[in-house]
Amino acid sequence: QKEVEQNSGPLSVPEGAIASLNCTYSDRGSQSFFWYRQYSGKSPELIMFIYSNGDKEDGRFTAQLNKASQYVSLLIRDSQPSDSATYLCAVRGGGADGLTFGKGTHLIIQP
Amino acid sequence: NAGVTQTPKFQVLKTGQSMTLQCAQDMNHNSMYWYRQDPGMGLRLIYYSASEGTTDKGEVPNGYNVSRLNKREFSLRLESAAPSQTSVYFCASRDRGWYEQFFGPGTRLTVL
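Protein sequences appear in the order of chains W and C.
All the letters of the first sequence, read from the start, carry residue numbers 9 to 119 under the working numbering.
All the letters of the second sequence, read from the start, carry residue numbers 10 to 121 under the working numbering.
In isolation and in its complexed conformation, chain W is listed as follows (with noise of 0.2 Å):
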């Protein structure tokens, strides 16, 4: 049984600073890794994808891939009240590249 493990938070993070979310993984054969943002109500909607092992870069959002160690993380930088929401780490493996998803993290960003 594939899992993927996020801590629930909440985790609250300042306006301006930077929030780290972080997600383990137990498929070492995992290949693809995804962040979702999820409103309250509202459905996911893709915010990073990572496939090889570093760093990749869009805008405030740097995932960060480490599959030695199995884990990967999302840093969102100048953090903004809108930022507020659930994140889900996503691996792919679940048959026909169906994914597997953690339980998300719940950040909160405080004015």
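Worth flagging that the hints you see were computed from the coordinates, not collected in a lab.
Distance condition first, Cα-Cα at most 20 Å in a straight line; then the derived SDA-like pairs of lysine to any residue:
no.: 1; chain 1: W; residue 1: Lys75; chain 2: W; residue 2: Asp35
no.: 2; chain 1: W; residue 1: Lys50; chain 2: C; residue 2: Glu109
no.: 3; chain 1: W; residue 1: Lys75; chain 2: C; residue 2: Tyr108
no.: 4; chain 1: W; residue 1: Lys111; chain 2: C; residue 2: Asp47
no.: 5; chain 1: W; residue 1: Lys111; chain 2: C; residue 2: Met50
no.: 6; chain 1: W; residue 1: Lys111; chain 2: W; residue 2: Leu73
Using the hints provided, position chain C relative to the given structure of chain W.
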């Protein structure tokens, strides 16, 4: 471009009733997926369709059936609804050669 659409948005059923959740995408994607999301849980895969004419079980298929009607549409049917199927249901799709999935707005289902 509407992306992925789902109907209905909300539904209340009584135990034992049946219903079909509809999903359509206009992005010409090959693969389509049905997930459920329960409070405090991540999304869990119910069924998927890698291409038109094929369907396969995911992690939690019991109590559900699916139909890939054509490339655009993928429906999820509950034959005899149970309170344990109270959840938010999301449909998603993915293009061939890419692994990112795009989600519809969801259907919030309550079974009494």
